[in-house]
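> Now for the letters of each chain:
Number of protein chains: 2
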Amino acid sequence: MQVMSGKEVSKAVYEELHTRTEAFVQTHGYAPTLAVVLVGNDPASQSYVNSKKKACLSLGFGHQDYTLAQDSTQEELLSVVRRLNADSTVHGILVQLPLPSHMDSEAVIETIDQHKDVDGFHPMSVGKLLIGLPTFVSCTPLGVLTMLDHYKIETSGKHVVIVGRSNIVGKPLAALLMQKGRDATVTVCHSRTADLASLTMTADILISAIGKPLFIQPSMVKEGAVVIDVGINRIEDPAAKRGYRLVGDVDYDTVSSHCSFITPVPGGVGVMTIAMLMKNTLQAASLLAAKDTK
Amino acid sequence: MQVMSGKEVSKAVYEELHTRTEAFVQTHGYAPTLAVVLVGNDPASQSYVNSKKKACLSLGFGHQDYTLAQDSTQEELLSVVRRLNADSTVHGILVQLPLPSHMDSEAVIETIDQHKDVDGFHPMSVGKLLIGLPTFVSCTPLGVLTMLDHYKIETSGKHVVIVGRSNIVGKPLAALLMQKGRDATVTVCHSRTADLASLTMTADILISAIGKPLFIQPSMVKEGAVVIDVGINRIEDPAAKRGYRLVGDVDYDTVSSHCSFITPVPGGVGVMTIAMLMKNTLQAASLLAAKDTK
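Just so you know, the sequences run in chain order U and S. At position 257 of the first sequence the residue is numbered 257 (this note's numbering), and the sequence of numbers has no breaks. Take the position in the second sequence, starting the count at 1, then add 294; the result is the number in this note's numbering.
Calculated from the structure, these hints are not laboratory results. It is possible that part of the hints are untrue.
To be verified - Across the chosen pairs, the derived CB separations fall in these ranges:
1. His322/S x Gly60/U: 55 to 65 Å
2. Ser395/S x Thr67/U: 26 to 36 Å
3. Tyr538/S x Ala197/U: 45 to 55 Å
Stated by the list, open to error - Restricting the straight-line Cα-Cα distance to at most 30 Å, the calculated cross-link-like pairs of lysine-lysine (DSSO-like) are:
4. Lys516/S x Lys474/S
5. Lys11/U x Lys54/U
6. Lys241/U x Lys54/U
7. Lys222/U x Lys152/U
8. Lys291/U x Lys180/U
9. Lys347/S x Lys535/S
10. Lys7/U x Lys152/U
11. Lys212/U x Lys474/S
12. Lys222/U x Lys241/U
13. Lys347/S x Lys180/U
14. Lys222/U x Lys474/S
15. Lys11/U x Lys152/U
16. Lys180/U x Lys516/S
17. Lys222/U x Lys516/S
18. Lys222/U x Lys53/U
19. Lys241/U x Lys180/U
20. Lys516/S x Lys535/S
21. Lys180/U x Lys474/S
The beta carbon of each residue, even a glycine, is placed where N, CA and C say it ideally should be.
Let's have the full structure, built from the sequences with the hints guiding it.
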């Protein structure tokens with residue numbers, strides 16, 4: 001059994017991004033720039049926004065932060081997004097989700113210029129993904145593919161079973177893996193699936209993104225399968241400093257002994273997300289630069 | 295075993311559309327109008343375009359035909375599409391595919407106003423479909439869902455195996471059936487799938503859209519399964535008037551005896567397609583009218 005280390009893979013990604021960013025700056029005379037928009041002061045969201053800022057700084061990317069008050073109007077947020085769309089020095093725009101409940105997230109996402117949609121949540125990006133056209137791929141699914149590639153895990157003809165059908169993980173992953181070139185046979189399971197274990201047992205590659213701690217047990221995993229754990233769940237742990245610890249969807253201790261590859265939590269897929277956001281931002285900057293010189 | 299008749303279901307759809315169209319005309323003082331753009335003179339495409347025209351006439355829809363020469367430029371086609379986008383008397387725009395090879399189909403489809411995309415091929419429509427937002431659903435997948443609904447076939451918790459991953463059938467059907475509300479467990483198989491029969495054998499609902507005559511044999515179908523045959527294939531038949539006859543992907547004669555429901559070819563899903571196009575056109579007209587009165 002081999003552990004698929006998010007730390008190791010993201011380190012390799014950052015090294016490549018460093019080189020490509022230097023070349024980009026040399027060629028164009030400016031750095032790829034990400035604008036992050038946060039509404040309100042939710043501590044978890046603030047912490048995510050800070051991590052993104054740090055990643056930008058570490059790569060020499062430009063970075064812009066916009067924080068709107070919790071009680072801002074939808075129109076105020078949209079006008080910030082429109083301003084960033086029009087700003088040619090901004091290449092990637094990310095509106096931190098979730099938004100306050102009085103806002104219409106879909107309308108906000110659809111307002112982002114699709115050429116700056118580095119989160120890959122715009123319906124144009126999602127549609128192109130399913131059709132099989134080049135586009136921005138949302139960060140967690142892109143992180144999963146990058147880990148599979150890093151460990152040279154073949155997907156062609158393999159049965160990939162995805163547990164969870166969210167818009168940010170399960171559905172885009174299914175869309176990606178069934179495309180020509182990836183060529184996986186893809187099954188998407190979810191809370192309504194009858195006899196889940198008999199399906200997961202047939203998986204050559206099992207991907208769980210359901211958000212239930214220790215949900216995937218050894219009896220649900222085929223001997224020698226590849227197990228990708230996208231879940232990040234807090235469980236109470238009085239022995240831990242903060243009173244909780246992070247676990248995945250997979251019961252790692254019992255499952256790991258009979259699979260061929262497995263991602264740990266923490267230190268697995270979660271580590272990849274921001275690296276992929278940086279990759280998308282560099283890509284956005286490169287595509288926008290190519291468009292300008294046309 | 296019950297035969298799912300496309301004729302019966304489309305008749306019911308047309309009856310409903312007749313009533314809704316009359317109400318629409320009464321309310322708005324004009325009819326839903328479809329514009330069909332054909333490039334070149336391929337006989338099959340001409341025949342499809344004619345069928346669409348007939349359907350429009352039968353429902354009292356407005357209808358516009360645009361035929362461009364085979365050697366038209368991409369820009370000529372785009373300017374027709376842009377003119378139709380801007381024409382408020384046109385509610386649905388359909389560019390007949392395939393286009394000549396010197397044209398970029400994706401660019402043409404993306405130029406169609408998404409509010410008039412009655413074919414459901416625009417990436418915005420496809421993206422919204424996968425995300426689970428209301429949108430135009432392409433006609434063949436919508437026809438399949440309509441047939442399932444007509445025969446009260448439950449999809450929740452059922453294992454739907456789709457054979458074929460095309461952009462017009464397999465992928466959008468998978469996206470639709472995995473959504474909340476439909477709640478199917480969905481597997482997408484294709485030419486690269488290993489051990490296809492063992493997967494199709496687990497299907498409660500088996501949908502074939504692979505375009506191979508008589509591909510689905512009884513040994514691939516679970517006793518009591520629902521079998522939906524989207525394939526329409528020509529096979530030589532010296533006894534037939536035209537020298538060929540139409541068969542599906544499913545070996546109907548041998549498979550039908552051990553499934554619970556089955557669609558015939560011809561007379562099955564194929565019959566539904568144009569009815570669904572009319573439904574989308576009425577929907578486009580209704581949504582555009584609602585937008586105008588806002």
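> If you test the structure against every hint from before, which numbers come out violated?
2, 12, 13, 18, 19, 20
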